[in-house]
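Put together the whole structure using the sequences plus the hints.
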Amino acid sequence: MNWLIGQSHTFPTTIYVRANNRGQIQISRLTEHEKLTTAQLKDLSNEILLQRKLRSTHIVRILGSKVVGSRICVDTEYCQFGSISDIISAHFQHGLDLQAVSLIARGVALGLDYLHSNEIVHRSLRGSHILVNSKGVVKLSGFRYSIDLTRQREKKKSFKYVYDPEGLPWLAPEILEQNCCGFGLLSDMYSFGIVLCELLNGIVPFSNNPATLIMLDKLRGRQPVVMDKSTMEDVENAYQDPVYEPYVTRKIPKVWHLLVSSLTTRAPEKRLTAKAFLRNNGLKFTQGTLVEKLLPVQAMTLNHLRNNDPDYFPITDEIREPSFEQAKWIFSN
Amino acid sequence: MISKKFYKKKLIYPLSVKKNSAKSAGREHDSKNEDKKDSEKKCISTYLDRALEILIPEGDSQARQNNEDFIKLSQEIYAHNLFTALIKNLDELEFESRKVASRIFKNLLIRQIGTRYPMVNHIAENPEILFLLLDGYKHQSNSGLIVALCGDMLRECLTVNDQLVKILLNDEKRRFYSIFEYVNHDAFDIASDAFRTFRDALIHKNEKDPQQNPHNQIVAQFLNDNYSDFFEHYSRLLRTDNYVTIRQSLKLLSELLLNRENFSVLQRYVADEANLKEMMKLLAHPDSNAIKFEAFHVFKCFATGL
Numbered sequence: 001m002n003w004l005i006g007q008s009h010t011f012p013t014t015i016y017v018r019a020n021n022r023g024q025i026q027i028s029r030l031t032e033h034e035k036l037t038t039a040q041l042k043d044l045s046n047e048i049l050l051q052r053k054l055r056s057t058h059i060v061r062i063l064g065s066k067v068v069g070s071r072i073c074v075d076t077e078y079c080q081f082g083s084i085s086d087i088i089s090a091h092f093q094h095g096l097d098l099q100a101v102s103l104i105a106r107g108v109a110l111g112l113d114y115l116h117s118n119e120i121v122h123r124s125l126r127g128s129h130i131l132v133n134s135k136g137v138v139k140l141s142g143f144r145y146s147i148d149l150t151r152q153r154e155k156k157k158s159f160k161y162v163y164d165p166e167g168l169p170w171l172a173p174e175i176l177e178q179n180c181c182g183f184g185l186l187s188d189m190y191s192f193g194i195v196l197c198e199l200l201n202g203i204v205p206f207s208n209n210p211a212t213l214i215m216l217d218k219l220r221g222r223q224p225v226v227m228d229k230s231t232m233e234d235v236e237n238a239y240q241d242p243v244y245e246p247y248v249t250r251k252i253p254k255v256w257h258l259l260v261s262s263l264t265t266r267a268p269e270k271r272l273t274a275k276a277f278l279r280n281n282g283l284k285f286t287q288g289t290l291v292e293k294l295l296p297v298q299a300m301t302l303n304h305l306r307n308n309d310p311d312y313f314p315i316t317d318e319i320r321e322p323s324f325e326q327a328k329w330i331f332s333n
Numbered sequence: 001m002i003s004k005k006f007y008k009k010k011l012i013y014p015l016s017v018k019k020n021s022a023k024s025a026g027r028e029h030d031s032k033n034e035d036k037k038d039s040e041k042k043c044i045s046t047y048l049d050r051a052l053e054i055l056i057p058e059g060d061s062q063a064r065q066n067n068e069d070f071i072k073l074s075q076e077i078y079a080h081n082l083f084t085a086l087i088k089n090l091d092e093l094e095f096e097s098r099k100v101a102s103r104i105f106k107n108l109l110i111r112q113i114g115t116r117y118p119m120v121n122h123i124a125e126n127p128e129i130l131f132l133l134l135d136g137y138k139h140q141s142n143s144g145l146i147v148a149l150c151g152d153m154l155r156e157c158l159t160v161n162d163q164l165v166k167i168l169l170n171d172e173k174r175r176f177y178s179i180f181e182y183v184n185h186d187a188f189d190i191a192s193d194a195f196r197t198f199r200d201a202l203i204h205k206n207e208k209d210p211q212q213n214p215h216n217q218i219v220a221q222f223l224n225d226n227y228s229d230f231f232e233h234y235s236r237l238l239r240t241d242n243y244v245t246i247r248q249s250l251k252l253l254s255e256l257l258l259n260r261e262n263f264s265v266l267q268r269y270v271a272d273e274a275n276l277k278e279m280m281k282l283l284a285h286p287d288s289n290a291i292k293f294e295a296f297h298v299f300k301c302f303a304t305g306l
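In order, the protein sequences belong to chains A and B.
Take the first sequence: its letters are residues 1 to 333, numbered as in full-length UniProt numbering.
Take the second sequence: its letters are residues 1 to 306, numbered as in full-length UniProt numbering.
Hint data in this document are derived by calculation from the structure and do not stem from the laboratory.
Be a bit skeptical, because a hint or two may be false.
[Stated by the list, open to error] Label pairs and their calculated CB-CB ranges:
id	chain 1	residue 1	chain 2	residue 2	range
1	B	264	A	178	50 to 56 Å
2	B	71	A	23	25 to 31 Å
3	B	297	A	275	44 to 50 Å
4	A	12	B	264	54 to 60 Å
5	B	236	A	203	51 to 57 Å
6	A	243	B	46	55 to 61 Å
7	A	253	B	255	54 to 60 Å
8	A	253	B	84	37 to 43 Å
9	A	134	B	53	37 to 43 Å
10	B	297	A	151	26 to 32 Å
11	B	43	A	91	46 to 52 Å
12	B	297	A	179	32 to 38 Å
13	B	46	A	280	52 to 58 Å
All residues carry an ideal CB built from backbone N, CA and C; glycine is no exception.
Dropping the structure here:
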């Protein structure tokens, strides 16, 4: 059985959940080869080649890849909670609980630390690329634009700028600048800062602005803020506008404000590294699992899929059975 | 005084270490005792980490001191032919230390002393290394890591020096042709990795001086000498039912034929009616516009070449 659970906006990719021949649940991403441009095909193979070099509990694992007719099928492990932007839009429009945020932040930082120790820039870290599985383990995915700096010969900088309008709010200023200084591992930390804002505020900073304005704002060094009583004072009519209501009444500890501002500094060398973040960030990592903290959002288990529960399954009417007959699957444990 | 002591310790340690790891890497294969194997694996991992630290020092203060260490270390590596052992036993290493091994390899490869590349000379003397890397595509376990690393190392070899391209292409045992199998592999990741290597072997873009391109001249010579063999293998790629293989090989074919160095190859190619027939078939491919599009770019060679 296969269930369609999503579709990519930018790629001709459909995402299915299915049980493999060993009975395990996994994700199959089918990409229409015909609709890919040569550059996109290269990006796709880049993603797979890079991702299979990684093995960490905080990185989504690739299980196999295969050409099926005119489609390229990539199998990855299944994360039952979906991405954190799914979780936010499902229930936490005004941001997650602080304990949940610190657990997610820790998971992301561990993933980033692993990547950075391998000298890989993730380059498109954002809410929709951070997944959570049924045990509450945070995993990174979305390595399409990631760059392996060990191939850059000593410089530890990359100059590969790709057009990626969707990821604009998360991109570091030095990537947008596209100048000869290039960008490095610390650009991911900027994106991480934006992700923290996304988690705490429930909305992505810069997200409603036109592309040029985002770029100008970032180049001028404007930093996103965590919205609470202290920061909302500067905003006009904050106390009258009902949109801001949940924010003006809450108080978020100062450490979060400091973290976000030190992660989103304009100068990359002044940002915290993933290692430093893990070592000393003033956050208390609470006991208990992420799964409890995410309630009432629940993992999308096989039962939900079987019952076609509309809450968990927004695109039911579009389900089509992809043909897997020709495929001889190759699974490396 | 202290620094001298430190220096000595640092120097001796990695050297003996490297020898050991060469020995144990060779021995590992027949070691049946699992516990012993595990501890050996750990040992080799620490040795490799140490070696990487010497090659790529963190921070600049130590850089000068490490320079001498580095020379000694690399000499030891060459003398013991460490990479032959390492690549052969890559799948026996721990997951992360496989990557460390490949980074050491890549780092040594681009080191230059004057106009000389010591590592390139080393490989040229031991061409077995290149073919071991090529054989890496046979490994399909371990989520393709070995394929990825061997592919990376091999591509680095091909781009860094033309001498190695020559060795790979003009092998007496014609081992290079095995890449045609890997390119058409069932698994998309292995196939596309092999395809990148294939492409890097045949096409090189020299941005500094487009007039001078010794790499492409070597390829042109190779294609001229082995014209019928090579294109027989190549046309087999165009006749597979793997959609991605056809598309990618058509693209590469058009680029290859339009390389200025390959003009005589182009003339031979377009003179053959069978090739024209094949392209016309692909131009009328029933399912795919992308294939038609790529086929057109080869087809236009016939129009202009005749």
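Verification of the hints:
At roughly 41 Å, the beta-carbon separation of residue 264 of chain B and residue 178 of chain A lies outside the given 50 to 56 Å, and the hint is violated. Against the hinted window of 25 to 31 Å, the Cβ-Cβ separation of residue 71 of chain B and residue 23 of chain A comes to about 56 Å, which falls outside the hint. At about 48 Å, the beta-carbon gap between residue 297 of chain B and residue 275 of chain A stays in the expected band of 44 to 50 Å. Checked against the hint of 54 to 60 Å, the C-beta distance between residue 12 of chain A and residue 264 of chain B comes to roughly 40 Å, which is inconsistent with it.
Here the CB-CB span from residue 236 of chain B to residue 203 of chain A is close to 55 Å, well matched to the stated 51 to 57 Å. For residue 243 of chain A and residue 46 of chain B, the Cβ-Cβ distance of about 57 Å falls inside the hinted range of 55 to 61 Å, so the restraint holds. Checked against the hint of 54 to 60 Å, the C-beta distance between residue 253 of chain A and residue 255 of chain B comes to roughly 58 Å, which is consistent with it. Take residue 253 of chain A and residue 84 of chain B: their Cβ atoms lie about 57 Å apart, and the range 37 to 43 Å is violated.
The hinted range of 37 to 43 Å is satisfied by residue 134 of chain A and residue 53 of chain B, whose Cβ atoms lie roughly 39 Å apart. Hint check: residue 297 of chain B to residue 151 of chain A, Cβ distance near 28 Å, so the stated range 26 to 32 Å holds. In this structure the supplied range 46 to 52 Å holds for residue 43 of chain B paired with residue 91 of chain A, their Cβ-Cβ distance being about 50 Å. The supplied range of 32 to 38 Å is met by residue 297 of chain B and residue 179 of chain A, whose beta-carbon atoms lie about 35 Å from each other.
One distance hint, 52 to 58 Å for the beta-carbon pair residue 46 of chain B and residue 280 of chain A, is violated here, with the actual separation near 27 Å.
Hint check: violations occur at hints 1, 2, 4, 8, 13; the rest are consistent with the structure.
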